[in-house]
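Number of protein chains: 4
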Amino acid sequence: MSEQKLRISFIGTGVMGGPMAGHLVKAGHDLTVYNRTRAKADAWVRDYGGAVAATPAEAAKDADVVLSCVGNDDDLAQVTLGRDGAFKAMAKGALFIDHTTVSARIARQLSVEAEGLGLLSVDAPVSGGESGAQAGTLSAMCGGTKAAFDAAEPIMRAYAARITHIGGPGAGQTTKMVNQIAIAGVVEGLSEALRFAQASKLDTDKVFEAVSGGAAASWQMLNRWGTMAKDEFDFGFAVDWMRKDLGLALDEARVNGATLPVASLVDQFYAEVQKAGGGRKDTSSLVTRLPK
Amino acid sequence: MSEQKLRISFIGTGVMGGPMAGHLVKAGHDLTVYNRTRAKADAWVRDYGGAVAATPAEAAKDADVVLSCVGNDDDLAQVTLGRDGAFKAMAKGALFIDHTTVSARIARQLSVEAEGLGLLSVDAPVSGGESGAQAGTLSAMCGGTKAAFDAAEPIMRAYAARITHIGGPGAGQTTKMVNQIAIAGVVEGLSEALRFAQASKLDTDKVFEAVSGGAAASWQMLNRWGTMAKDEFDFGFAVDWMRKDLGLALDEARVNGATLPVASLVDQFYAEVQKAGGGRKDTSSLVTRLPK
Amino acid sequence: MSEQKLRISFIGTGVMGGPMAGHLVKAGHDLTVYNRTRAKADAWVRDYGGAVAATPAEAAKDADVVLSCVGNDDDLAQVTLGRDGAFKAMAKGALFIDHTTVSARIARQLSVEAEGLGLLSVDAPVSGGESGAQAGTLSAMCGGTKAAFDAAEPIMRAYAARITHIGGPGAGQTTKMVNQIAIAGVVEGLSEALRFAQASKLDTDKVFEAVSGGAAASWQMLNRWGTMAKDEFDFGFAVDWMRKDLGLALDEARVNGATLPVASLVDQFYAEVQKAGGGRKDTSSLVTRLPK
Amino acid sequence: MSEQKLRISFIGTGVMGGPMAGHLVKAGHDLTVYNRTRAKADAWVRDYGGAVAATPAEAAKDADVVLSCVGNDDDLAQVTLGRDGAFKAMAKGALFIDHTTVSARIARQLSVEAEGLGLLSVDAPVSGGESGAQAGTLSAMCGGTKAAFDAAEPIMRAYAARITHIGGPGAGQTTKMVNQIAIAGVVEGLSEALRFAQASKLDTDKVFEAVSGGAAASWQMLNRWGTMAKDEFDFGFAVDWMRKDLGLALDEARVNGATLPVASLVDQFYAEVQKAGGGRKDTSSLVTRLPK
Ligand SMILES: NC(=O)C1=CN([C@@H]2O[C@H](COP(=O)(O)OP(=O)(O)OC[C@H]3O[C@@H](n4cnc5c(N)ncnc54)[C@H](OP(=O)(O)O)[C@@H]3O)[C@@H](O)[C@H]2O)C=CC1
Ligand SMILES: NC(=O)C1=CN([C@@H]2O[C@H](COP(=O)(O)OP(=O)(O)OC[C@H]3O[C@@H](n4cnc5c(N)ncnc54)[C@H](OP(=O)(O)O)[C@@H]3O)[C@@H](O)[C@H]2O)C=CC1
Ligand SMILES: NC(=O)C1=CN([C@@H]2O[C@H](COP(=O)(O)OP(=O)(O)OC[C@H]3O[C@@H](n4cnc5c(N)ncnc54)[C@H](OP(=O)(O)O)[C@@H]3O)[C@@H](O)[C@H]2O)C=CC1
Chain Y
1 MSEQKLRISF IGTGVMGGPM AGHLVKAGHD LTVYNRTRAK ADAWVRDYGG
51 AVAATPAEAA KDADVVLSCV GNDDDLAQVT LGRDGAFKAM AKGALFIDHT
101 TVSARIARQL SVEAEGLGLL SVDAPVSGGE SGAQAGTLSA MCGGTKAAFD
151 AAEPIMRAYA ARITHIGGPG AGQTTKMVNQ IAIAGVVEGL SEALRFAQAS
201 KLDTDKVFEA VSGGAAASWQ MLNRWGTMAK DEFDFGFAVD WMRKDLGLAL
251 DEARVNGATL PVASLVDQFY AEVQKAGGGR KDTSSLVTRL PK
Chain D
1 MSEQKLRISF IGTGVMGGPM AGHLVKAGHD LTVYNRTRAK ADAWVRDYGG
51 AVAATPAEAA KDADVVLSCV GNDDDLAQVT LGRDGAFKAM AKGALFIDHT
101 TVSARIARQL SVEAEGLGLL SVDAPVSGGE SGAQAGTLSA MCGGTKAAFD
151 AAEPIMRAYA ARITHIGGPG AGQTTKMVNQ IAIAGVVEGL SEALRFAQAS
201 KLDTDKVFEA VSGGAAASWQ MLNRWGTMAK DEFDFGFAVD WMRKDLGLAL
251 DEARVNGATL PVASLVDQFY AEVQKAGGGR KDTSSLVTRL PK
Chain E
1 MSEQKLRISF IGTGVMGGPM AGHLVKAGHD LTVYNRTRAK ADAWVRDYGG
51 AVAATPAEAA KDADVVLSCV GNDDDLAQVT LGRDGAFKAM AKGALFIDHT
101 TVSARIARQL SVEAEGLGLL SVDAPVSGGE SGAQAGTLSA MCGGTKAAFD
151 AAEPIMRAYA ARITHIGGPG AGQTTKMVNQ IAIAGVVEGL SEALRFAQAS
201 KLDTDKVFEA VSGGAAASWQ MLNRWGTMAK DEFDFGFAVD WMRKDLGLAL
251 DEARVNGATL PVASLVDQFY AEVQKAGGGR KDTSSLVTRL PK
Chain G
1 MSEQKLRISF IGTGVMGGPM AGHLVKAGHD LTVYNRTRAK ADAWVRDYGG
51 AVAATPAEAA KDADVVLSCV GNDDDLAQVT LGRDGAFKAM AKGALFIDHT
101 TVSARIARQL SVEAEGLGLL SVDAPVSGGE SGAQAGTLSA MCGGTKAAFD
151 AAEPIMRAYA ARITHIGGPG AGQTTKMVNQ IAIAGVVEGL SEALRFAQAS
201 KLDTDKVFEA VSGGAAASWQ MLNRWGTMAK DEFDFGFAVD WMRKDLGLAL
251 DEARVNGATL PVASLVDQFY AEVQKAGGGR KDTSSLVTRL PK
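Protein chains in written order, with UniProt numbering: chain Y, 1 to 292; chain D, 1 to 292; chain E, 1 to 292; chain G, 1 to 292.
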C-alpha cells in the first residue's frame, strides 16, 4: 500500500496535523485538507499543494483514507459523527486514522460506528511533539483490529518512526495515557531535584554530569534539566495539553479502577502553573511552582 | 598518585565496601580492612589478601588513605570520631574518603574535624548499586576542597567510572540526595503507569515498545518495567536504603528550604511497602502498594 | 405557601428522596411519585399514600412543584429534559427543585431551560445523609433566583433544618462541592491520626478524650473516631457517592481554576478503597487503606 | 496536693510558659523561674513576684516541682541533663513536668533518667495556644506512671481545663502528634474548600452558614474560615511551630511504622509558606500557597 498513490483527507491542519499531512504529500499521496479555521487550510495548501474542503464530509468523499488530528473529544465527535462529519461520506472499506489524543471511550465508540459503516478504523495518538511531527519521527500508539492496523501502518510511516500496534480499539489512547502518567512522575521528581540542588547552592551543570548517567536518568533529565535550570520554557509540549491528557487518564482510571495518586497531584500542580499564566509553556515549567 | 602503591585502610566491607576495597587491591595497593562484624573482614581477606584491623584506629595508623562505606550517620561518627575512631590515628596529610550515604551535616562536620587535624577529606557517596561496585563502574559524587578531590580522584578510579567534583564539603551528599529525589518521582510515575496499563488490559511488552523511546523514557523504565510487570523485586537497591536516603533529603530540605511534595509522599508510600514486609526489596517494589 | 396544600411530584424515591417525599406528605401536601424502578415507588405509596406516575412527565403534569433526587447528571437530564422528562409537562410558573448532587454545569443548564419555559428552578443539594433525610433535619444549599428560592424555601422546611440561599443557579452545587472538599481533608487527617495513635499503641479512647475538645476537633472526629477505631463502616455516606462528588468538584475546578491537591489525592485513595470492595462503606473507611 | 503551697520552679517563661507560671502563683505556690534570656525572667518576676534563678540547676534546688516549657529537644536536653541542668539538682521524690512539644524519644529518655534519680516525671505537651495559656484553659496530654500523673494533675489544674492521662512515658507527646496530624488534614481541606468557594465566586459567609453545621464542620472551620477569607493570619499557632511538630510526628512514624501521606505533604506545603515569609503566621495561612 505504501507505494500506492492514495487519495487522503486530513482533518485538522494544526501544529501537529499540518506537518503530518505535509509528509503524506511528500510520500506521493493526493491530499485534501479540512480545518475549522479555513485560513490555516489555505496556508497549508499554499505550502504543500492539494485541495481544501469546506467540510469534513466533503473532504472525506472519495477518499481512500481519512485522518484526523483535532483538539479533544468534542472536536473529534463533530468532525466524524457531526452534521457534516466525515463518517457518513466515507466509502465502504475506506480507512479512518485518528491522531488526536482523546478518551478511550470515544475511540471505542468511533470504532463501533466505523464497523457499522464498513470502515476500518485506528486510534493512533502520537508522541514526539511539534519537532517530531516536522521531522517525521513521531511515535504512534495504535489501537484497532489487525486489518485496520495493517492498512494504516504504511501510511503512518510517512511521519512516524515508531509505530506500535498495542491492541484493540482504544488501546492506542490508553497507551498514550500510560505515557503521560509516567511523564508526570518524572517531571515532578526532576523539578523537586532541581530546586533542591539550587537550594543547596550546587552547580547544576556539575550535578547533571554526576547524576545523568545512572538510575535517576530520564529523557526529561537529558533534555530539560539544562533549560529548567535557566528558567526557559517557551517551547515543547504545553501545560494546557498535559492537563487535558492527565484529565483523560484520570477519567479513564475511574473506569478501569487504576489509582493515580501522583498523577492526580501533579495535575493539580499544573493547575497552579496555568493559574500563574503558564498554560502555553512546556511541561517542564512544572518546576516554576516550587519556590526558588 | 594512581601509579603509586599506597597503604590504604577500608572501613566497612559490606555489600558496597567489600568489592570496592577489592578493586583497590587489584589496583596494586596495600589494604587493611576493618568491619564491625569481624567475620566479614576475615572473609574479605581470604578473598583478596591484605590485613584485618581490630579497630578503625588500628586500621588508620600509618595509612596514606582511609576510606569508609558504613551504614548511616551514627555509624560514620563512630568509625571516625568515636573512641577507637580512625581520625585520631591518622597521620597529618593523610586522606579520608567517605562513601557512605549520610547527611550533609555530618559530611561538613567531618570536613571541619579533618581540617583541624591536618587531614584531607572528601564526601563521595556513590550510585550504581552492588553490581556497579562489583564491576567497578560506580558514579561518585564528591564534595571537598580541590586539593582533597585531586588526591582522591585517582584512587576512586579503581572502582568508579564517573567521578564528579561538585563543590565544597557536603556537596557530594546533597548531590546524592538530588539523585534520590529524582528517582522517587520517576519510580512512582512508572508504577502508576504500569498499573494503569494493567488495569487497561494492555500488553505491557507492547506498551514498553511504544513508550520507551520517547519523553516518558527513563533508566527505571528501561531497566525495571519488565521486572515490575512480572512482580520481580528480589534484587537491586533496597527500599530500606531508599527510605534512609529520602529521610536524609527531607531533613536537609528543612535546612535549605527546598520543598519536596512528591518525594515526601513517595517516602510515605515506601513506608507502606516496608510495613508489608518489602524493606529488602528493590525500590521498584513501590508498585506493589498500588492495587492490581 | 407553607400552609397551602400543594400538588407535588417527587422523582426518585431512593434512600434520600423516599423519606424527603414522606415528610412532604406529613406536611399536608398531595404527592405523586415517580421512580425508575417502579417497585420502589409502589412501596413508597404503601407507606405514605399518594399516587404513582409512569413517567416523570406524567408526574409533572398539573403539579405546582416538581422535586427530584436521582443519581447523577445523566439521570437528572433524563428525568427533566429527556423524552418523557418533567420539564415539557410542567405548567408555566411551576417550581422545580432538584436535590441530586450533580455538576454545576447541568444545574445552570436546567436553570436556563426552566427560564425559557417560564418555570422557577432551584438547585438544592443536601447534606445530612440518610438519617438526616429520615429525621427531616437536612441542610440544603441553594442556588437560583431570589424568587425561585423564596418559593422553594417553605416546601423544603418539611425535611431541612438549615436552608441557605447561596447565590445564582449552580451555587447550591458548588457549595456542596466546597463541603465535600473540606470533608476529604478532614477524613484523611483523621485516618492518619488514628493509625498513628494505633501504631503508637495508645488507648484511642483516651486520645479522643484528650484531643476532641480543641483545634483538631471536627464533626468527623466526634462522630467517626470511635467507629473507625473499631473498624465499623457499614453505615453512613458511601465511598461511591463520595468519589462521584469529588469527581464533580475536580471537574468544576478545571473550569473555575481552583487547585485541589489533597482532594485529588484523597479521591485516588478512595479508589483504593473501592478496589478493595469498600464502595458501599462509609467515607470514614478511608482509614482502611492505611496499614495497621 | 492542690491545696498545698509548693516550691515550684518554672524553666522557660516564654509565650506559653510565662502565663502558665503566672497561674501557679495565683494558685498560691512559691515560684522560682529560669529563662535563657534573663530579661524575660526578670520581666516575669516584675509581673508576678517570685525569684529568678541563674541556671536550671539553681532553680531546681529545693524545689518540690520543676516544670519546663522550652523550645525543642535540644533545649529540653540542655535544661534537664545539661551541665547546669535541673535533674542533678532535684531532690529525690521531686516531680518533673515538661510542657514542651518534643519527640517521644526524649520524653522516654527523661523518664528513664528521672527514674534512675528517684524523680517522678510526666511528659505533658499542651494545646490551646497562647490564649489558652493566658486563660488557664489549656489541654494537657500526659504520659508517665500513674503515681507521677497523680502528683502532677492537681498542679496542672492551675492552667489546664482538660488533663488526660493517656499512658506511659512518651504517650503525652505521641498524643500531641496525633492532634497535629489531624489538624494538618483539616486545615488543608479547609484551605482547598475556601479557595474553591472563592474561585466559584460564592459569598463565603453564606457558604459558611450552609456547611458549618454538618459533616464538614471542624474547630478550624468555626474559628478560621472567616479570618482566612479575609487573609488575616497575624495571630494563633505559628507555621514554624507546626512544622516542628509535624517533623516530630514524621520522625516518630519512621519508628512506629505509621504512614502519613497527607501530613507529610502538608508539611511540605508549609515549607512553601515559610519560604514566602509566613513562618510566624497562624497555621491557617496554609491557604496562602493556593492561588486565588
Ligand atoms: N547497596 C547499595 O546498592 C548501595 C548502597 N549505598 C550506600 O552505601 C552504604 C553501605 O551500603 P551497603 O554496603 O549496601 O551496606 P552493608 O550493610 O552491606 O555494609 C555496611 C558495612 O559497614 C559496616 N558497619 C556499619 N556500621 C558500622 C560501625 N558502626 N562500625 C563498624 N562497621 C560498621 C557493616 O558491618 P556489619 O558487617 O557489622 O554490619 C557492614 O559491613 C549505605 O550508606 C548505603 O546507603 C549507596 C549506593 C548503593
Ligand atoms: N445517601 C446519602 O447519604 C446522600 C446522598 N446524596 C445525593 O443524593 C442523590 C441520591 O442519593 P440516594 O438517595 O442515596 O441514591 P438512591 O440510588 O438510593 O436513589 C436515587 C433514586 O433515583 C432514581 N433514579 C436514578 N436515576 C434515575 C433515572 N435516570 N430515571 C428515573 N429514576 C432514577 C433511582 O431509581 P432506581 O430505584 O431505579 O435505582 C433511585 O430510586 C445522589 O446524588 C447523592 O449523591 C446527598 C447527600 C447524602
Ligand atoms: N505558642 C503556642 O501557641 C504553643 C506552643 N507550644 C509548644 O510550647 C513550647 C514553647 O512554645 P512558646 O512558649 O510559644 O515558645 P517561646 O519561644 O515563646 O518560649 C520558649 C522559652 O523557652 C526558653 N528556652 C528555650 N530554649 C532554652 C534553653 N536551651 N535554655 C533555657 N531556656 C530556653 C526561651 O528562652 P529565650 O527567651 O532565650 O528564647 C523562651 O523563653 C514549644 O515546644 C511549642 O511547640 C504548644 C502549644 C501551643
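What the hints contain is simulated information worked out from the structure, not anything from laboratory work. The C-beta atom is built at its ideal place from N, Cα and C for all residues, glycine as well. Certain hints may be false.
DSSO-like mimics (lysine-lysine), calculated; alpha carbons at most 30 Å apart, straight line [what the hints assert, rightly or not]: (1) G:K61 to G:K40; (2) E:K146 to G:K61; (3) Y:K275 to G:K292.
Here are some chain E residues the structure puts well away from chain D; computed CB gaps all over 12 Å [claimed, not checked]: (4) G14; (5) A51; (6) D62; (7) N72; (8) L81; (9) K92; (10) A199; (11) K201; (12) A229; (13) K244; (14) Q268; (15) Q274; (16) K275; (17) R289.
Do the hints match the structure? See the list:
1. G:K61 to G:K40: holds, 21 Å
2. E:K146 to G:K61: Measuring from Cα to Cα gives roughly 73 Å; hence the hint is violated.
3. Y:K275 to G:K292: holds, 9 Å
4. G14: holds, 29 Å
5. A51: holds, 46 Å
6. D62: holds, 50 Å
7. N72: holds, 22 Å
8. L81: Given a closest Cβ separation of 33 Å, the condition holds.
9. K92: At about 50 Å from chain D, K92 (chain E) clears the 12 Å cut-off, so the statement holds.
10. A199: Violated, since 9 Å does not exceed 12 Å.
11. K201: The claim holds: K201 (chain E) sits with its nearest Cβ about 15 Å from chain D, beyond 12 Å.
12. A229: Holds, because the least Cβ-Cβ distance between A229 (chain E) and chain D comes to about 19 Å, which exceeds 12 Å.
13. K244: holds, 19 Å
14. Q268: violated, 9 Å
15. Q274: violated, 9 Å
16. K275: Not fine: 4 Å to the nearest Cβ puts K275 (chain E) too close to chain D.
17. R289: R289 (chain E) is in fact no farther than 12 Å from some Cβ atom of chain D, at 9 Å.
The earlier numbered hints that this structure contradicts are 2, 10, 14, 15, 16 and 17.
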